[in-house]
Every structure is written in C-alpha cells, then in structure tokens.
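Here's the letter readout for the chains.
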Amino acid sequence: MNRRDTIRALGLGAISATTILEACKSTPTDANAAANPAIKSIDTTGRQDFEVARDRSIATLTFFTPREMATIHLLADIIIPKDEHSGSATDAGVPEFIEFIVKDEPQHQLPMRGGLRWLDTECLRRFEKDFNDSTADQRLQVLNDIAYPFIAKPDMQPGVAFFNKIRDLTAIGFFTSKMGIGDLGYKGNSPGKWEGVPDAVLKQYGL
Amino acid sequence: MQLIKSSTVYDVVIIGSGAGGGMSAYTLANAGIKVLLLEAGPFFDPAKDSQQLKWSYQSPRRGGNATRPMGDFDAAYGGWQIDGEPYTQKDGSDFQWFRSRMLGGRTNHWARISLRMGPKDFKCKTAYGVGDDWPITYDEIAPYYDKVDKLIGVYGSIEKLENDPDGIFLPPPKPRLNELFVKKAATGLGIPVIPGRGSILTAALPGNTDRQACFFCGQCNRSCKIYGDFSSSSCLVIPAIKTGNLTIATNAVVREILTGKDGLATGVSYISRDDMQEYQVKANTVILAASTCESARILLNSKSATHPNGLANSSNAVGKYLHDSTQGGGAAVLPQLVDRPRFNEDGVGSLHLYAPWWLDSRKQNFSRGYHLEIFGGMFMPGYGGYFGFEGAAVPFLNGFIPGPDGKTKPAGGFGASLKQDYRRFYGTMAGVGCHGASTAREDNYCEIDPSTVDKYGIPVLRFRYKWTSDDIAQAKHMQETAQAIVKAMGGISLVPPQGPDTNYGLDKPGKGIHEVGTIRMGDDPKKAPLNKWGQTHDCKNLFVTDGSVFTQQSEKNPTWTILALSMRTADYILEQRKKQNI
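Protein chains in written order, with numbering that gives the first Met the number 0: chain A, 0 to 206; chain B, 0 to 581.
Rather than coming from a laboratory, the hints here were simulated on the basis of the structure. Be aware that a few hints might be false.
[Unchecked claim] Once the Cα atoms are required to be at most 27 Å apart in a straight line, the calculated BS3-like pairs of lysine-lysine come out as:
| # | chain 1 | residue 1 | chain 2 | residue 2 |
| --- | --- | --- | --- | --- |
| 1 | B | Lys408 | A | Lys81 |
| 2 | B | Lys173 | B | Lys465 |
| 3 | A | Lys192 | B | Lys408 |
| 4 | B | Lys465 | B | Lys507 |
| 5 | A | Lys186 | B | Lys47 |
| 6 | B | Lys525 | B | Lys122 |
| 7 | A | Lys192 | B | Lys183 |
| 8 | B | Lys486 | B | Lys507 |
As the structure is a prediction and not an experimental result, all values here were calculated from the model.
Using the sequences and the hints given, assemble the complete structure.
What follows is the structure in structure tokens.
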C-alpha cells in the first residue's frame with residue numbers, strides 16, 4: 000500500500016483485441032459515437048489516439064440485455080435511493096456508468112452476467128418468478144440474504160459476491176457523478192489559496 | 000523502409016527529455032549550444048494537454064485506470080506495460096518497469112517530492128559499511144542543488160539535520176486535517192515529523208515570469224497548466240525552445256548510438272513512430288538520458304568493433320547495480336473523523352508532511368534507512384488513480400463503527416442507511432508510505448534478452464532482481480512503524496499485516512519508480528562506466544545524465560539529485576568544449 004496505488008486494487012483493465020480492431024477500422028462507428036451525447040461531450044485534448052478510439056468504440060457496443068439493464072436499474076435504486084440530500088442512483092446515471100465500466104474493465108462482465116442470472120434463479124426457486132417480476136417485498140427478501148457478507152448463509156455466497164460487486168459499482172458510479180460529489184460535500188477542485196485547516200476545526204479536534 | 004541520414008551535425012544530441020535530458024538541454028541551449036533532443040513519445044505541453052481541474056464525471060471511467068495505470072487524468076502516456084514494447088524476466092524475478100513516452104517523461108506525473116541526498120549518502124561504504132562510495136561528495140554537488148532550487152523552486156523548512164540538507168526554500172504548505180493526526184501519532188512514537196519538500200511554487204518564483212504560483216488543486220500528477228510545479232516539459236524543455244538553439248524530434252525511438260572507427264560517438268540512429276522510417280543524426284557529443292533502464296538498453300544494443308560488449312561497457316557494469324527504493328506502508332480509516340467537517344482540503348499534490356529517517360542505522364538489523372511520506376485528506380471522489388475512493392471499504396467499515404444512533408449494524412447493507420454511511424466515512428483515510436534505501440548489487444541487473452525484440456526490432460531488456468534479507472528486514476521495520484502509527488491514531492487498518500511469505504508487505508522491485516544505478520559513476524574504469532562528471536570512461540564524447548548514473552541511491556527520492564548532476568555534467572561539457580577536449 001502506498002501513495003501511488005489506490006486503496007482498492009483495481010487491476011489493469013484489458014480490453015479485448017476485437018474491440019480495439021473495431022475502433023481502428025471505424026468510420027461508421029465514429030458516426031455512431033458522434034451521435035452518442037455521452038461520447039460527444041468527452042474532451043479529447045491531451046488524450047492519446049488509442050484512448051479516444053477506445054472510448055468511441057466502447058460507446059458503440061452494448062453488453063447488457065434490456066432485461067439485465069432493467070434489473071440493474073432496480074438494484075441501483077435499492078442500493079442508493081433518493082433521500083432528502085440527493086436523488087437516486089438512476090437519477091445520477093449509474094446504470095449507464097455500469098454499462099460503460101464492464102466494457103472498460105471486462106473482468107466485471109462474467110461476475111455481473113452470472114450474478115444477475117444467479118439472482119433470477121434464486122427468485123424463481125423461491126417465488127417462481129425472476130427478480131424483475133417478483134414483488135418489491137420478495138426482492139428485498141432475497142437481497143437481505145446476500146447484502147450482509149459476514150452473516151450471510153454459506154449457500155448464499157454466490158449472491159453475496161455479486162451483491163458486493165454491484166454495490167461497489169453503484170456507489171462508485173453515484174459518488175463520482177456531479178450529484179454524488181455534491182452530496183458528499185467535496186469542496187475542492189477550485190483554484191484558491193490553501194491556508195491550512197480552519198481554526199474552528201483544529202479546535203474541534205483538539206489539534 | 001528507408002534510411003534517412005541527416006547532413007546537419009549538431010553540437011549535442013540528447014536522448015530523452017525527462018529530468019536528466021531536460022536539464023542538459025536547458026543548460027546547453029541557454030549557453031548557445033546547438034542541441035537536438037530526441038524524445039520517444041509525442042510533444043506534451045501541460046498548459047494545453049493537462050487534464051487538470053476536470054471532474055471525475057468528465058471521464059467516462061470516472062478516473063479509473065483502464066488506459067492509464069494511475070488513473071484517467073494522470074499525466075503519464077505509458078505505464079507498467081506498453082503495447083509492442085515488452086520486457087522479460089529471469090530467475091523468477093518480477094521487476095516492474097514504469098515508462099512514460101512523452102515530452103518530459105515521468106516528470107509530468109511524479110509526486111514532486113524534492114529531496115537532496117546527504118553527505119553520508121554519497122559515502123555509503125564509509126558511513127554504513129555497505130555498497131560503494133560515490134566518486135563525489137555532497138560538498139561538490141551542493142552548489143548545483145542550490146542552483147536547481149533557485150531555477151525551479153522547492154518548498155520546505157530549515158531543519159539543520161545532519162543527513163537531510165536544507166535547500167533554498169519557498170514556504171511549505173500547511174498540513175491537511177488527516178495528516179495532523181498522523182503527525183500527532185508519529186511524534187508520540189518519537190518520530191520527528193517536518194514539513195514536506197516539493198517542487199511546487201507555493202509562492203512566486205523570484206525572477207521567473209513564465210510560471211505562476213500554485214493555486215492548490217492538489218492535482219500535480221495531472222501536470223500543471225500554469226506551470227506551478229516542476230515538469231521537465233514545462234520548466235526546462237519548453238523554455239529552452241525559446242533560445243532558438245534547441246530542436247526537438249518527437250516520436251523518435253532510439254535504436255543505438257553510432258560510433259566511428261576511433262570509438263567516439265558520431266550520432267544516433269532512431270525510428271520515427273510517425274512514419275516508421277529509420278533515421279540517423281550526427282553530433283559532436285551525445286548525452287544519454289533515456290531513463291535508468293532504457294539508457295542501459297541503448298548502450299548494450301550499441302555494439303561495434305571498438306565496443307564489442309556494448310558501448311561504454313568495458314567495465315561490464317552497464318545494466319548491473321540496478322536498484323529501486325524499498326516501498327511499504329499503511330493506511331487506515333480514522334473513526335474520529337467520521338462525519339468530519341467539509342472544506343477545500345486539496346492542498347498541494349505533493350507532501351505536506353514527512354519524517355526523514357530518524358534512527359541510528361548502526362543499531363538496526365538492516366543497513367540503511369527509510370522515510371515516511373504522510374498522506375490523507377478529503378480528495379475528489381474518483382475511481383482509481385492515486386487515491387481510490389475509500390468508499391470501497393464502507394460496506395465493511397459500517398459493521399465496525401456505531402451509527403449516529405449509537406448502534407452497530409451488521410456490515411454491508413443497502414438503502415438510505417448505506418447512502419448515509421458513504422457520507423459519514425468520506426475523507427476519513429490517512430496513512431504513511433515508506434520509501435527506503437536499497438543497496439546496489441552486481442547481481443541485480445537488466446540485460447539484453449537474447450531472443451526477444453520489440454515492435455521496432457530492437458532487442459528488449461530482461462530483468463533479474465531479488466530483494467535481499469537486508470531489504471526485507473527494513474520492510475519488516477516499515478510495517479511495524481506503519482502499524483504502530485495506525486494503532487496510535489486509533490485507526491482501522493485497511494492493510495492487513497503481512498508475514499515473511501510476502502516480505503512483510505515489501506512492494507515488488509520497480510514499484511517505487513526510483514530505479515537507478517545501471518550506468519554508475521566510479522573512478523575506476525574497470526569497475527564503472529562513468530567518471531565523476533557523467534562522462535563515459537570508454538568514449539569521451541558520450542555522457543549520461545539520468546538516474547542510471549547513481550553509484551548508490553539513498554532513501555531520498557532521486558529526481559532532485561538527477562537534476563543537479565545533469566546541470567553539473569552540462570557545465571562540464573561547456574568547459575571541455577572551451578578547452579577543445581571534446
């Protein structure tokens with residue numbers, strides 16, 4: 000652990016060779032990318048050519064099925080709901096972030112796809128309906144069995160692993176959005192003069 | 000494919016535009032010398048190309064590290080692996096090599112920690128009984144440290160410590176809240192903590208109108224649009240262009256240094272990444288500053304009838320004595336900072352506080368020392384990069400610390416209460432990074448892999464590097480110190496203690512990115528490639544000015560010493576040119 004690395008070992012994301020290939024031969028996809036407002040808005044100044052190509056390429060690919068995305072919407076808003084401080088995960092564009100990041104960091108793809116399937120299967124087993132078609136109470140019943148890693152039952156471990164992942168991705172997506180950064184109360188990224196910790200704060204902590 | 004030979008003969012050609020190459024170029028161009036600077040990557044001007052002041056949500060990966068290993072905004076084009084430019088390992092080694100292919104090299108994203116080596120560091124054998132003494136003393140290099148301080152600017156405080164010499168300092172920045180807790184804990188353990196030393200303009204730099212004073216965004220690793228910190232690109236190369244004496248060839252990947260029948264250097268051969276053609280340029284003097292490992296690679300690949308063992312390698316020491324700093328540390332969440340007050344705490348993107356090595360090395364079971372780099376604060380929430388979002392640990396932490404109602408829930412969860420937990424733990428992380436001195440050894444080295452070439456057909460490096468029992472004993476001490484500080488702060492450690500099987504948390508060699516020593520200085524031409532001026536013993540018009548010249552590193556981060564030595568070598572070249580010796 001050191002100042003150079005993140006607290007969380009993120010691992011080097013390796014995009015597949017086919018995606019890069021797509022990007023290289025891609026005038027038609029460039030047109031698609033230009034039509035995608037999320038990509039159009041990316042400032043390419045100081046970016047390397049392969050970075051720009053990669054971002055554009057990712058924007059033209061779709062990983063999750065509409066049904067999977069619907070589940071991600073439901074889960075994201077259960078994990079981070081709207082409250083008196085800020086909107087919900089979907090208000091902050093979390094599902095779109097998750098769709099991007101699983102293509103940017105493909106190591107999430109299998110655990111996400113398999114985890115979503117596990118969740119549907121568990122709901123089918125219990126309620127004869129998949130997650131999306133289960134009632135709100137039924138969904139919570141399953142989530143309560145997988146959302147607490149240290150007390151979850153051994154046969155719920157695949158669900159725990161999946162929920163850990165989607166909870167992390169949801170939190171990252173939310174708290175790095177404009178809405179989430181505002182919610183956390185981050186005050187920086189604003190040129191000024193750093194004069195040290197305010198006196199009142201020093202006093203509060205006896206420093 | 001074409002071979003394109005330039006008819007121009009430059010006074011000096013410099014390979015590499017990082018700290019060493021940039022300083023040589025700046026000094027020589029300002030003295031009226033016609034210089035050609037070759038850089039393997041593209042032109043990079045922080046004023047235009049920096050990602051400074053972007054918000055996390057302006058990155059589709061929110062600052063994640065899929066394309067840049069230290070985060071999407073980090074100013075390093077390259078990383079631990081570069082597509083088409085591999086390196087290999089030998090004897091089970093796992094050396095990690097970070098390369099930045101861009102004008103200014105790794106100085107665009109470095110942590111700006113700017114420390115002088117001390118008198119004992121230059122006399123390692125004499126002072127500590129290990130390694131070798133440098134052929135120069137602190138007193139010989141001190142005037143150059145002074146010149147670098149004045150030219151580039153460094154903040155710090157006057158401490159009058161025996162082996163951590165003071166410089167000519169700008170005022171140091173005040174510490175962040177979290178860092179004050181680390182200071183309190185460390186001080187309580189008998190570890191003196193002092194202000195950091197960094198090349199950031201905390202105040203205007205006297206006599207310089209091209210650079211503005213720091214506005215405290217804490218984003219030095221993105222490089223600075225107002226040139227408020229030191230990058231070789233912004234502070235050396237770009238200003239040197241204005242002399243009219245400096246020509247720059249970017250995307251120029253050097254294959255070898257060319258020599259004549261008399262064994263002297265005649266120029267450089269390179270591949271242009273723009274058109275993939277082969278180029279040859281001529282110069283009266285060649286300066287090699289492609290970075291510690293790349294410079295060794297170029298010399299070893301520059302074989303000729305007069306230099307059959309590689310250029311400037313009659314000592315057989317080129318590539319050997321590779322050493323990186325040891326690296327360990329600890330990080331914790333401070334429960335007393337849960338629900339902490341919000342204010343702009345970005346500060347500077349370097350050290351606010353650090354602890355120079357504080358113990359007597361003779362009383363330890365390892366030969367050298369290490370320092371503590373203190374960190375912590377309320378950073379821009381982002382995914383990856385220098386500081387990850389400590390939110391990753393919240394679904395575990397919330398099972399250990401009582402909520403506002405005084406009750407402790409099971410760890411994990413979801414919903415409004417989890418959302419509240421993310422707020423409560425934001426900005427509660429603090430820790431120490433430890434960087435220590437490792438001793439240069441002949442059997443830690445890089446060499447040419449006889450069977451592997453990169454995409455340009457250039458033979459690649461193969462590494463052999465093992466930590467020694469001495470390094471591991473130091474890492475054990477680092478871990479004990481870091482854990483003791485975490486305990487004294489009442490912190491919840493985010494890094495579990497590690498045992499002998501993982502070298503007590505000692506990072507892989509290379510991860511410190513302080514690798515030096517592969518083309519070392521030494522008075523004896525049979526033992527070292529360079530004399531004390533950075534001139535090769537075997538080839539008098541060939542000089543080296545990057546980190547490879549180190550006879551022996553210390554626990555001080557090497558950049559300030561690279562800059563001082565490079566300026567000194569450039570002055571020596573000017574003097575030798577006047578005397579018509581080269």
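Cross-check of the supplied hints:
no.: 1; hint: B:Lys408 to A:Lys81; verdict: holds (21 Å)
no.: 2; hint: B:Lys173 to B:Lys465; verdict: violated (39 Å)
no.: 3; hint: A:Lys192 to B:Lys408; verdict: violated (41 Å)
no.: 4; hint: B:Lys465 to B:Lys507; verdict: holds (9 Å)
no.: 5; hint: A:Lys186 to B:Lys47; verdict: holds (25 Å)
no.: 6; hint: B:Lys525 to B:Lys122; verdict: holds (20 Å)
no.: 7; hint: A:Lys192 to B:Lys183; verdict: holds (25 Å)
no.: 8; hint: B:Lys486 to B:Lys507; verdict: holds (26 Å)
The structure shown violates the earlier hints numbered 2, 3.
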